[in-house]
Amino acid sequence: MTSFKNPKADQSRFTGIQAQSLLLKSVTTFILAAGAAIIMIPFLYLLSTSVKDRDQLRQSPPPLIPMAADTVNINGQAEPLYHVTVNGQARDMALIKFRPGGKALFVDPANPDQTFELVIADQVPIKHVEIHFENYPKALQQMKFNKLLLNTLLVTFLGMVGMLFSCSLVAYGFSRFRAPWLNVLFILLLSTIMLPSQVRLIPTYVFFNKLGWVDTLLPLIVPQFFANAYDVFLLRQFFMTIPLELDDAAKIDGASPLQTLMYIIIPQARPALVSVAIFHFLYAWNDFYEPLIYLHSPDHWTLAVGLQTFNALYAVNTNYIMAASAVMILPPIILYFLAQKVFTQGVVFTGIKG
Amino acid sequence: MKNKLFKMFALFAMASMILAACGGGAATPAASAEKVKVVIFVGMGTGTDPDQVDAQNKLAEKFNTTHDNIEIEFLIVPHEEYATRYLAMLSGGNAPQLVGPNGVSTVAEFFDTWEDVTSYIKADNLDLSDFYGPAVELNTYPDKNTGLPLGLYPSYLYYNKDLFDAAGLDYPTHDFDDKSWTMDKLREVAMKLTLDKNGRNATDPDFDPANIVQYGYDDSWDGMRGTLADWGAENVGRPTTADYKTAVADSPEWIQGLQWLSDGIWQDHFIGGADVQAGRDSAGVDPFGPGTTGMFYSHTWFLAEGLHDLSFAADIAPFPYNPKGNRIARIDADNFTIPKDAQHKQEAWEVMKWLTSPEVIVDVCRIYGCIPARKSVQAAFLEQLKTDYPGIDYDVIFKSIDYLDKPNNEEWIPEWGKIEDALNNGLSLVYSGTEKDAKKVLTDANAEVQKILDEYWATHK
Amino acid sequence: MNFSSGKRTLSLARREALWAYAFIAPWTIGFLIFTIGPMLASLFFSFTDYNIIDSPRWIGITNYVNLFHDDLFWHALGVTFKFAVIALPLGMVFSYTIAVLLNSKIKGINIWRTLYFLPSVIAGVAVALLWGRIFDPKFGILNPFLEKFGIQGPGWLSDPQWAITALVIMSLWGGGGNVIIYLAGLQGVPTDLYDAAKVDGATGWQRFRYVTLPMTTPVIFYNLVLGLIGTFQYFTEVYVLTNGAGGPARSTLFYNLYLYQNAFKYFHMGYASTMAWVLFIIVLGLTLLIFRSSELWVYYEGQIKGK
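Going down the list, the protein sequences come from chains C, F and U.
Sequential numbering from 0 applies to the first sequence in numbering that gives the first Met the number 0.
Sequential numbering from 0 applies to the second sequence in numbering that gives the first Met the number 0.
Sequential numbering from 0 applies to the third sequence in numbering that gives the first Met the number 0.
Chain C on its own, in the form it takes in the complex (with noise of 0.2 Å):
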């Protein structure tokens, strides 16, 4: 039931608070906008580039409609279509010969024995619209997508479970306890990431060879089982805003550390834990480096491995770096958009009572 009472009053209110409140989501959104317009130029780029052939992407500047010239058969070689004005007439000729001072040769397809020099900037050259989709299916098929695909997922998701797994349990470790030492065992973690990995490949290739798990996925999925300085540290960042009290409350009902742990903070940090898994995610599933090194026989390769084979030596494909790129971005996108929920729900309250 609308309120006849003081519509002077209510209207007072709305251009008071919710005027202001108006104002910064348009500003907001306006500016979300503008930045994501910019953003998103270099993704059209990839889209614009993943279909289009060889010959155009030689195109400069490129594009970002891909673009191609109309060609007509003339004695077996296809020349380029202009169009052209010949004595007061507009018609559409070909370009079979360029000749010096600007100028060219160009032919009716309909009558090619008679040649009409004229000057080429004068001339309108004739393009249309060409997207090449089949570059989609080629790359995805060159570089065996499906097998490549299962390897990547067994990695990511393994990888996530583990790194979740250990990880929650030693930031849980780091950020809720005192012992001697811990400072500095947790100085250490983080010190194995300072260390640049080049030095340490080759003696750690060498420790998995004798393993046996050189060309298996394994290299790749155990280690995340014992938790990596990242997430561990972003973990413990996350735990150690989350307020003792709550701790105290759980054990003087006589819970566990596990227990604590298990039903006070990992609950409050869902959106920590959603994040990390991300980034694994994220990381994993780009991730060349590592796989290149333990990863032989191309059966066994994961996506990002897969992509490389197209950056050779003399033949860079770019067309279908993207165009694979472009299907490489779907599932962590997917995976984002869903975990969205988790990173909406934030922290009510403090849950601290008095």
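Hints in this document: simulated from the structure, not taken from any laboratory.
Note that the structure is predicted; figures quoted are calculated from it, not measured.
There could be a bad hint or two in this list.
What the hints assert, rightly or not - Computed list of lysine-lysine pairs in DSS-like fashion (alpha-carbon distance at most 27 Å, straight line):
| no. | chain 1 | residue 1 | chain 2 | residue 2 |
| --- | --- | --- | --- | --- |
| 1 | F | Lys405 | F | Lys344 |
| 2 | F | Lys196 | U | Lys147 |
| 3 | C | Lys102 | F | Lys143 |
| 4 | C | Lys96 | F | Lys385 |
| 5 | C | Lys126 | F | Lys160 |
| 6 | C | Lys126 | F | Lys196 |
| 7 | F | Lys61 | F | Lys143 |
| 8 | F | Lys344 | C | Lys209 |
| 9 | F | Lys143 | C | Lys146 |
| 10 | F | Lys385 | F | Lys184 |
| 11 | F | Lys344 | U | Lys147 |
| 12 | F | Lys244 | U | Lys264 |
| 13 | F | Lys339 | C | Lys209 |
| 14 | C | Lys209 | U | Lys264 |
| 15 | U | Lys147 | F | Lys460 |
| 16 | F | Lys439 | F | Lys450 |
| 17 | C | Lys340 | U | Lys106 |
| 18 | C | Lys96 | F | Lys57 |
| 19 | C | Lys143 | F | Lys57 |
| 20 | C | Lys102 | F | Lys160 |
| 21 | F | Lys160 | C | Lys143 |
| 22 | C | Lys96 | F | Lys34 |
| 23 | F | Lys405 | U | Lys264 |
| 24 | U | Lys104 | C | Lys24 |
| 25 | F | Lys339 | F | Lys184 |
| 26 | F | Lys439 | C | Lys146 |
| 27 | F | Lys160 | F | Lys196 |
| 28 | U | Lys106 | C | Lys24 |
| 29 | C | Lys102 | F | Lys184 |
| 30 | F | Lys160 | F | Lys143 |
| 31 | C | Lys126 | C | Lys137 |
| 32 | F | Lys323 | C | Lys143 |
| 33 | U | Lys264 | F | Lys339 |
| 34 | F | Lys36 | C | Lys209 |
| 35 | C | Lys340 | U | Lys147 |
| 36 | C | Lys146 | F | Lys36 |
| 37 | C | Lys209 | F | Lys34 |
| 38 | F | Lys438 | C | Lys96 |
| 39 | C | Lys137 | F | Lys34 |
| 40 | F | Lys143 | U | Lys264 |
Here the structure of chain C is known, so what remains is to put chains F and U in place on it, guided by the hints.
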């Protein structure tokens, strides 16, 4: 309840791990029964294209069905990581049996890891006379022979006939004895082929160097040693003396060559600088394909890479004579090599012989785009060339072999990688315009090279 | 009361410590199995002349001495520092600002979030090639666009003066990962704090300054430390874009790239190991500094005092 979930999780995780281990393990059996497995490491040079991979697998089938005691497998390594993977495998004790196709450069890069095949050749009393002399020489070093020659990649000019037509110029001569085809003449022709957006060429006083739309000449797909080898210095393509103790990168001929290049970019504007080259690799584009380069100096392997889907007419012509009155057209060469630390080297040798045998070498070379190093198969190979790349002057390809650079622009010297980077840094100074004085660039680079050599000899011998 | 030794209940502190070690056991075990061996191996190599093919030959601190006399070492360090000093603060401010914007309750916020996240999802090699093409000064995308506004674009990746700037721009574009972390941090700020602040009459800016910012310092700290470690080890993108050369004219010869060249191109694995450990000490030092400083500016709601 959550505890149970936890336990289920852990069980599932362990089960998956075991599954992955089994799945991974099962696919790599040891070579079946008595067959010795020869792994061929491909990735140092060409061979990693998906098309090439299929072709190589077919080749492997051909071998495996006709040989009882040896089984070959092509190990494809993405080109970006060939160094790390090769060195990891060496250290890990599972070195591949064969590596290739190796250019002279990667043979040099990993020189100390290769087996000397001289004893194998002697033991088999192998007749090398069918191989091109130069091809064998390129594999023969003072203390080792690195392998049987597979293929050659002579160099020459690829030129865009349409651009010559538009400029009203005669095509470059195909006559190898025409001594009027010099670097000066090349410069003249290239300047006439260089156009700004108004259609003026580089000889025109109103030429606008800020808006060039096409260039007359390009040699950007090679390094310092390759670019300057053709100028006829005493050590040709090698920046050191024969005893590898003195750096000679600042020889008069090298300085002359580099200055010619620098002037070509910054004074006469018929060569594109670093800004023109930038982005080409990212676009997957070569200097010649877009039709904006009049003449491109490159090798036979460019046929496979660049002469497809051209929208203009193209042909090839011999490289010009240098100011000393000699023609040197640098050469690349490929072979397969055997790592010293590999097992089953004898079987690897058998496979090497098979790959370079008259029956098979043409097919192998078609995969990699090289000219077979055997004289007896030239006719058959020529037929293939005519089918694959119609309409060019094949004589230019074969004749150019005779003018190869010796010492080769890619051959081994001590600290090969480090000196390569030092010299190419100098080249990059010129291309980017940071330093246009060739004498300064080469004097500095030479000092760096000498320092590297001195450090090397201080710890060796 | 039985005071004899034997099975006595452990003291509370002791118990707590044991729980701590138990929880971090997955990491310590993994560290001992997978990590410590190769780390110590590389430390050993740094005191040797090791070319991977032959056995390492002990040479004491020669590598370290040579390193300090190596012009390229200082140059590479300089390039890396320059990049870090620009990219790190810029990246953090950028990502944080975007995260704050993405934290609003406007319609379709999920779509905006996904769009800003998208760049960081694309495979590295595709990103490098894309930007290589965009930055192409003559035939690319950025310079023709700038020309429309009358700006003559520089050579970007082909110009020694601008190459680093180009790389910074590229890294900002891919910063979506950091945005997510900040977002998660922002989501974790209890809303009743905002309500309390509003009741006290705080303006939007004051709420940001006194609630949002302090409560998100844990994730800012995280991104700062990892950003430091990351920028100092910047490698993959440069490697792809410059074909491993660090050009033009060594203007993008990052520390890790020079290290890689020494290890796998020049066969100086001992020297490369030395470089690795020198970098390690530098980064460790800087990280410890940041950790020290964190006591002044990082606020944890649930921090245990007195470790």
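These are the hints, each one checked on the structure:
1. A C-alpha spacing of about 30 Å is found between Lys405 of chain F and Lys344 of chain F, which places the hinted pair above 27 Å, so the restraint is violated.
2. With a CA separation close to 17 Å, the supplied pair Lys196 of chain F and Lys147 of chain U stays within the 27 Å bound.
3. At most 27 Å may separate the alpha-carbon atoms for a hinted pair to count; Lys102 of chain C and Lys143 of chain F exceed this at roughly 59 Å.
4. A hinted pair counts as satisfied when its Cα atoms are at most 27 Å apart, and Lys96 of chain C with Lys385 of chain F qualifies at roughly 24 Å.
5. This hinted pair checks out: Lys126 of chain C and Lys160 of chain F have alpha carbons roughly 23 Å apart, not beyond 27 Å.
6. For the hint linking Lys126 of chain C to Lys196 of chain F, the alpha-carbon distance of about 21 Å falls within 27 Å, and the restraint holds.
7. With a C-alpha separation of about 31 Å, the suggested pair Lys61 of chain F and Lys143 of chain F falls outside the 27 Å cut-off, and the hint is violated.
8. The straight-line distance between the Cα atoms of Lys344 of chain F and Lys209 of chain C is roughly 22 Å, inside the 27 Å bound, and the hint therefore holds.
9. Between Lys143 of chain F and Lys146 of chain C the CA atoms are separated by roughly 43 Å; this puts the pair beyond 27 Å, and the hint is violated.
10. A hinted pair counts as satisfied when its Cα atoms are at most 27 Å apart, and Lys385 of chain F with Lys184 of chain F does not qualify at roughly 30 Å.
11. Our distance criterion of 27 Å between C-alpha atoms is broken by Lys344 of chain F and Lys147 of chain U, whose separation comes to about 63 Å.
12. Proposed proximity of Lys244 of chain F and Lys264 of chain U is supported: the alpha carbons are some 21 Å apart, at most 27 Å.
13. A C-alpha spacing of about 20 Å is found between Lys339 of chain F and Lys209 of chain C, which places the hinted pair at or below 27 Å, so the restraint holds.
14. For the hint linking Lys209 of chain C to Lys264 of chain U, the alpha-carbon distance of about 25 Å falls within 27 Å, and the restraint holds.
15. Using a Cα cut-off of 27 Å, the hinted pair Lys147 of chain U and Lys460 of chain F is violated, with the two alpha carbons roughly 63 Å apart.
16. Distance restraint check for Lys439 of chain F and Lys450 of chain F: the Cα-Cα separation of roughly 17 Å lies within the 27 Å cut-off, and the hinted pair is therefore satisfied.
17. For the hint pairing Lys340 of chain C with Lys106 of chain U, the CA-to-CA distance comes to about 15 Å; that is within 27 Å, so the pair holds.
18. Restraint check for Lys96 of chain C and Lys57 of chain F: the C-alpha separation of about 42 Å exceeds 27 Å, so the hint is violated.
19. For the hint pairing Lys143 of chain C with Lys57 of chain F, the CA-to-CA distance comes to about 17 Å; that is within 27 Å, so the pair holds.
20. A distance of roughly 15 Å separates the Cα atoms of Lys102 of chain C and Lys160 of chain F; the hinted pair therefore holds under the 27 Å criterion.
21. For the given pair, Lys160 of chain F sits about 40 Å from Lys143 of chain C by alpha-carbon distance, which is inconsistent with the 27 Å threshold.
22. Pair hint Lys96 of chain C plus Lys34 of chain F does not hold up; C-alpha atoms about 60 Å apart against a cutoff of 27 Å.
23. For the given pair, Lys405 of chain F sits about 24 Å from Lys264 of chain U by alpha-carbon distance, which is consistent with the 27 Å threshold.
24. This hinted pair checks out: Lys104 of chain U and Lys24 of chain C have alpha carbons roughly 8 Å apart, not beyond 27 Å.
25. The hinted pair formed by Lys339 of chain F and Lys184 of chain F fails the criterion: a straight-line CA distance of about 48 Å is larger than 27 Å.
26. Proximity of Lys439 of chain F to Lys146 of chain C is assessed by CA-CA distance (about 55 Å); at most 27 Å being required, the pair is judged violated.
27. The hinted pair formed by Lys160 of chain F and Lys196 of chain F meets the criterion: a straight-line CA distance of about 20 Å does not exceed 27 Å.
28. Restraint check: the Cα-Cα separation between Lys106 of chain U and Lys24 of chain C comes to about 9 Å, which is no more than 27 Å; the hinted pair holds.
29. A threshold of 27 Å between alpha carbons decides the hint, and for Lys102 of chain C with Lys184 of chain F the separation of about 25 Å falls inside it, so the pair holds.
30. For the hint pairing Lys160 of chain F with Lys143 of chain F, the CA-to-CA distance comes to about 45 Å; that exceeds 27 Å, so the pair is violated.
31. Between Lys126 of chain C and Lys137 of chain C the CA atoms are separated by roughly 25 Å; this keeps the pair inside 27 Å, and the hint holds.
32. Among the hinted pairs, Lys323 of chain F with Lys143 of chain C is inconsistent with the structure: their alpha-carbon atoms are about 54 Å apart, more than 27 Å.
33. Proximity of Lys264 of chain U to Lys339 of chain F is assessed by CA-CA distance (about 19 Å); at most 27 Å being required, the pair is judged to hold.
34. For the hint linking Lys36 of chain F to Lys209 of chain C, the alpha-carbon distance of about 20 Å falls within 27 Å, and the restraint holds.
35. Restraint check for Lys340 of chain C and Lys147 of chain U: the C-alpha separation of about 43 Å exceeds 27 Å, so the hint is violated.
36. Proximity of Lys146 of chain C to Lys36 of chain F is assessed by CA-CA distance (about 25 Å); at most 27 Å being required, the pair is judged to hold.
37. Only pairs whose Cα atoms come within 27 Å are accepted, and Lys209 of chain C paired with Lys34 of chain F is accepted, the gap being roughly 23 Å.
38. For the hint pairing Lys438 of chain F with Lys96 of chain C, the CA-to-CA distance comes to about 43 Å; that exceeds 27 Å, so the pair is violated.
39. About 36 Å separates the Cα atoms of Lys137 of chain C and Lys34 of chain F, which puts this hinted pair outside 27 Å; it is violated.
40. With a C-alpha separation of about 21 Å, the suggested pairing of Lys143 of chain F with Lys264 of chain U holds against the 27 Å cut-off.
Hint violations for this structure: numbers 1, 3, 7, 9, 10, 11, 15, 18, 21, 22, 25, 26, 30, 32, 35, 38, 39, all remaining hints satisfied.
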